[in-house]
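Trainee: Sequence order for the protein chains is A and B. Per UniProt numbering, the first sequence starts with residue 1, numbered consecutively. Per UniProt numbering, the second sequence starts with residue 1, numbered consecutively.
Simulated from the structure, these hints should not be mistaken for lab results. Hints may contain errors.
Computed Cβ-Cβ distance ranges for the label pairs, DEER-style [unchecked claim]:
hint : chain 1 : residue 1 : chain 2 : residue 2 : range
1    : A       : 88        : B       : 183       : 22 to 32 Å
2    : B       : 394       : A       : 114       : 33 to 43 Å
3    : A       : 53        : B       : 145       : 42 to 52 Å
4    : A       : 177       : B       : 433       : 49 to 59 Å
5    : B       : 145       : A       : 32        : 22 to 32 Å
6    : B       : 42        : A       : 306       : 32 to 42 Å
7    : B       : 31        : A       : 114       : 33 to 43 Å
8    : B       : 389       : A       : 53        : 27 to 37 Å
For every residue, glycine included, the Cβ atom is placed at its ideal position computed from N, Cα and C.
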Amino acid sequence: MSETGVFIPHHARRLNERATQRSSFLSEAKIWWREIDRVLLILILVLMTIGTIAVAAASPASARRLSTASEQLPDLYFFYKHIAWQIVGVAVMIGASMLTLENARRAGLVLCVVMLFFLTLVPFIGSDVNGARRWIDIGMRFQPSEFLKPGFAIALAWIFSWRMRDPNLPVLATATALLGFVVFFIALQPNFGSAMLLGGIWFVMVLLSGLSVARLGSVVGGGIALITATYFLYDNARHRIDSFLGGGTAFDQVDLAQRTLLAGGWTGTGFWLGLKKMNLPEAHTDYIFSVIGEEFGLLVCAVVVCLYLAIGLRILVRMIDEDNYFTMLAATGLTTLLIGQAFINMLVNLRLFPSKGMTLPLVSYGGSSTIAVCLAVGLLLAITRRNPFLKRRTAGLAQMLGMGEERREPKVEHRAGTYRQGGEA
Amino acid sequence: MNVAALMAQDAPAVSPAIPSERVQLVTIRYRAVATARMRIVWVALGLAFFALLALVRIGTLGLSDHKTQAASLHQALLPTRGDITDRNGAPLARVFPAYALWYNPEALGDGGEPLVKSPEEVAAGLKRIFPDLDEAKTRAQLASGKSGYLRRRVLPEEANRVQELGELALEMPQETDRHYPQGSMAAHILGYVAADGHGRVGMEQVLDERLLDPSKRGEPVALSIDMRVQGALEDELQRGMKLVDATGGAGIVLDVDTGEVLALASLPEFDPNKIDAAGEANMFNRVTNQVYELGSTFKPLTVAAAIDSGSITSLSRRYSATPYRVQGHTVKDSHPMGASLNAPQMLIHSSNVVTGHIVDEMGAATLRNYMVQLGMNERPYIELPARGFPIWPSGDWQRIRAVTVGYGHGIAVTPLHLASAYAAMVNGGIWRPATLHMVKPGEAPRGRRVFKESTSSRMRQLLRLISKYGTGRSADATGYRVGGKTGSAEKPGAGGYQRSNLVSTFAAAFPMDRPRYVVVAMLDEPRGTVASSYQRTAAWNAAPIVGRLVPRVGPMLGVRPDEHRDVDISDLRAIVPEASE
Numbered sequence: 001m002s003e004t005g006v007f008i009p010h011h012a013r014r015l016n017e018r019a020t021q022r023s024s025f026l027s028e029a030k031i032w033w034r035e036i037d038r039v040l041l042i043l044i045l046v047l048m049t050i051g052t053i054a055v056a057a058a059s060p061a062s063a064r065r066l067s068t069a070s071e072q073l074p075d076l077y078f079f080y081k082h083i084a085w086q087i088v089g090v091a092v093m094i095g096a097s098m099l100t101l102e103n104a105r106r107a108g109l110v111l112c113v114v115m116l117f118f119l120t121l122v123p124f125i126g127s128d129v130n131g132a133r134r135w136i137d138i139g140m141r142f143q144p145s146e147f148l149k150p151g152f153a154i155a156l157a158w159i160f161s162w163r164m165r166d167p168n169l170p171v172l173a174t175a176t177a178l179l180g181f182v183v184f185f186i187a188l189q190p191n192f193g194s195a196m197l198l199g200g201i202w203f204v205m206v207l208l209s210g211l212s213v214a215r216l217g218s219v220v221g222g223g224i225a226l227i228t229a230t231y232f233l234y235d236n237a238r239h240r241i242d243s244f245l246g247g248g249t250a251f252d253q254v255d256l257a258q259r260t261l262l263a264g265g266w267t268g269t270g271f272w273l274g275l276k277k278m279n280l281p282e283a284h285t286d287y288i289f290s291v292i293g294e295e296f297g298l299l300v301c302a303v304v305v306c307l308y309l310a311i312g313l314r315i316l317v318r319m320i321d322e323d324n325y326f327t328m329l330a331a332t333g334l335t336t337l338l339i340g341q342a343f344i345n346m347l348v349n350l351r352l353f354p355s356k357g358m359t360l361p362l363v364s365y366g367g368s369s370t371i372a373v374c375l376a377v378g379l380l381l382a383i384t385r386r387n388p389f390l391k392r393r394t395a396g397l398a399q400m401l402g403m404g405e406e407r408r409e410p411k412v413e414h415r416a417g418t419y420r421q422g423g424e425a
Numbered sequence: 001m002n003v004a005a006l007m008a009q010d011a012p013a014v015s016p017a018i019p020s021e022r023v024q025l026v027t028i029r030y031r032a033v034a035t036a037r038m039r040i041v042w043v044a045l046g047l048a049f050f051a052l053l054a055l056v057r058i059g060t061l062g063l064s065d066h067k068t069q070a071a072s073l074h075q076a077l078l079p080t081r082g083d084i085t086d087r088n089g090a091p092l093a094r095v096f097p098a099y100a101l102w103y104n105p106e107a108l109g110d111g112g113e114p115l116v117k118s119p120e121e122v123a124a125g126l127k128r129i130f131p132d133l134d135e136a137k138t139r140a141q142l143a144s145g146k147s148g149y150l151r152r153r154v155l156p157e158e159a160n161r162v163q164e165l166g167e168l169a170l171e172m173p174q175e176t177d178r179h180y181p182q183g184s185m186a187a188h189i190l191g192y193v194a195a196d197g198h199g200r201v202g203m204e205q206v207l208d209e210r211l212l213d214p215s216k217r218g219e220p221v222a223l224s225i226d227m228r229v230q231g232a233l234e235d236e237l238q239r240g241m242k243l244v245d246a247t248g249g250a251g252i253v254l255d256v257d258t259g260e261v262l263a264l265a266s267l268p269e270f271d272p273n274k275i276d277a278a279g280e281a282n283m284f285n286r287v288t289n290q291v292y293e294l295g296s297t298f299k300p301l302t303v304a305a306a307i308d309s310g311s312i313t314s315l316s317r318r319y320s321a322t323p324y325r326v327q328g329h330t331v332k333d334s335h336p337m338g339a340s341l342n343a344p345q346m347l348i349h350s351s352n353v354v355t356g357h358i359v360d361e362m363g364a365a366t367l368r369n370y371m372v373q374l375g376m377n378e379r380p381y382i383e384l385p386a387r388g389f390p391i392w393p394s395g396d397w398q399r400i401r402a403v404t405v406g407y408g409h410g411i412a413v414t415p416l417h418l419a420s421a422y423a424a425m426v427n428g429g430i431w432r433p434a435t436l437h438m439v440k441p442g443e444a445p446r447g448r449r450v451f452k453e454s455t456s457s458r459m460r461q462l463l464r465l466i467s468k469y470g471t472g473r474s475a476d477a478t479g480y481r482v483g484g485k486t487g488s489a490e491k492p493g494a495g496g497y498q499r500s501n502l503v504s505t506f507a508a509a510f511p512m513d514r515p516r517y518v519v520v521a522m523l524d525e526p527r528g529t530v531a532s533s534y535q536r537t538a539a540w541n542a543a544p545i546v547g548r549l550v551p552r553v554g555p556m557l558g559v560r561p562d563e564h565r566d567v568d569i570s571d572l573r574a575i576v577p578e579a580s581e
């Protein structure tokens, strides 16, 4: 296709799209099945299954805690609602993963812009829950910050990939300005967990964009200064960090979570046989990891940690031999979002991190935020789609580690290879 | 190998159609991708680090075996809600594990009849165990096949007998129950715990968070009240109320130096163990929530303000006691008291006219200022949630307003306001907020000075004079040196004051030579009965309550009867003929 020597951006892609439009849904699904990262999909579904069981275990604790004299919630109230959200979530995930790379990017950007708009509205028309103003109520209630996260990762990746068109564009300044804008509105809510996570995505992008180690050091220093400032400016943050550093008081949330986590020993008390979870606030959301610990044991907790690690490494290792710059950045950003939130939550449960009020993605009961997480995973699956019949021409992990043969290819082919998926399956 | 150099060198030769900028872009992209690839490895390593951290933590937590025990003895014994005790540790409210009797029609699980025997037999069996059971209602409930409580609070012995009925559908879930071992005693102070597990009305509501906090609820909360004093107060108040057929009563015993409430009673009472409609009607607290015009009990406060402000320089100064007009209103007394009286005589005979003259000399603004200082313009200071706002004349006071306030009309406060003000008057002049929490020795609040020490000394003499020679004689318990003032105010109703409906109060302190406690007893709408010699005024109904109460509680509170001690009133005898006999 590039034999003519005249380079037409996305030319091949457009041809491809036209062909796809003509093809039936079945063949599109076939292509999807071949291109999708099936190992990743299976890991995600395994995690969601564990989540469903864990929510079933935690549901009685939360349902009884949130029942009032006038309204008695059934024990499995949250379980049934979780199932409903998960069905919608999986549909959103599969739907999003069917997008082509370009459409996934466009969808991410649209999501980012729309959610930025809602985010700026939150201070005016938002509703308060537990002293923080995070929710928007337009027909359905949702947190713009939750849906913003995947869009934000894709938007940042897109901004950084501008350099592929023109190396002189101020990508770092633009990305930092976007981060500052978003963090300002999120800190207003206040929602420090999300602010930290978005800052983390930005940092990973900056890291990938090749900022020198010395400047990375100053970014880290600036981050520490910001966290210190938060500590002194916000009472809530201070209390949480103080109670983390000072060991907390007996029977505070974190203490109760740890009692729950350890109550089952290595192998757990058994499904629905946990007792400590009953005293645990937010058993079905923030502290579901502890409920897993009580009922299924610490070994299963370790398995959950390993599952998240496996998901993260699966994506990252595949990204090493990726040659599309945007894909690399976007996939790494979305991975940071997902796995970062998971590790923050698990480390809070393990008392290695101050409590943050963050759910365990794909596992916790999350209501509308389940959709946001599934959307992020769907976009990730779409972005990491790849034609299995095209041989990778770029260096993989093995080659980087000095193993395996060196792949070198003629430069013309190399250039053509930058627009992958040019060939037909 | 330098790829960029290679490309730059080769590019024109292979594909001349590609401009050099394009080649430069390709170079940049190649480098960027290479860098990103390297950095992705960093990210992966960071991820692996955190995962390792979590795994190591799980391992160490799992190996620290002392943490994995299911339940410690400490936790097993931790009550679900903290106890409340009086100041001596006597239990006032506690939880105990109880059984409930629950009807579960699905217990047999075969979809057939819920009971083995007939509902009639089961109901009769239950009736034998619980004699107060409503048999017909129970039978209907058993026959209806709907699940529900048949009974709360089943004793273990009764539970065993229910088991012997052999009905699986009769389940006995363990429930924790709030129990008030003293019954209705101090009910208004304690309140109760509602079905949602949270306290209502009294300290149960105030201390709710503290009592439920798992880190604190192991320790009982001690209140300032003394159960023995509380019991005596309720008993005497009840007796006094019944003797004169009053509709309600209120009483309080207050420590003058710390503001601790030793006893506080509002009658009729309710039983926190059994909340019903009748009980709910009585939850209203007359001591802290209801405001009354407390009448002549304000006169000592007026005299104290006049002495303190320097308006009364000589107690022998005589004032006209004949009715006079102030701004169109006539100030008069219940009965004529002669041509003139001095201030001590005014207190002994309780003359409105002379009080009016004293207020006139002092000035309205001065009296108002003292009333503000005594906290009469705000809700009473105490922890209880129900605190009544006084009917307080706003703005600057007219002369007539000040005169009426001087004898306790035109201003309505709670009995607690009055008790706190009397405490300030006799304790050396310091006003302190009343509290239901125990105050440790030496930790009493500083309070604010309202009266001079000298004024307070004088008032002790004058109050003692009243109960020795004036309207408070029936409160003068031998040896306890009681000093206090009566007050009988007509209750306002439709169309002005009602002559027949009174609020009679006796506000006192003892022992007058070194005051320790203030006692206020109040009766709402007392009637003239044989016991009160067909009188309705406080001298005949409220004062005797204090007269009977003080000898009962004095020894418990460390005040011993002593007829050889008393406040020295020899300097007043010369000017008070009533005291010279």
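Trainee: Look at each hint and say if it fits the structure.
Mentor: Here's how the hints hold up against the structure:
Restraint check, residue 88/A to residue 183/B: a C-beta distance of roughly 57 Å breaks the suggested window 22 to 32 Å. As the Cβ distance of residue 394/B to residue 114/A is approximately 56 Å, the hint placing it in 33 to 43 Å is violated. For residue 53/A paired with residue 145/B, a C-beta distance near 35 Å fails the hint of 42 to 52 Å. At roughly 56 Å, the beta carbons of residue 177/A and residue 433/B sit within the given window of 49 to 59 Å.
Restraint check, residue 145/B to residue 32/A: a C-beta distance of roughly 55 Å breaks the suggested window 22 to 32 Å. For residue 42/B paired with residue 306/A, a C-beta distance near 21 Å fails the hint of 32 to 42 Å. Roughly 35 Å separates the CB atoms of residue 31/B and residue 114/A, a value that falls within the hinted 33 to 43 Å. Under the hint 27 to 37 Å, the C-beta atoms of residue 389/B and residue 53/A, about 57 Å apart, miss the expected range.
Hints 1, 2, 3, 5, 6, 8, counting from the list given before, are not met by this structure.
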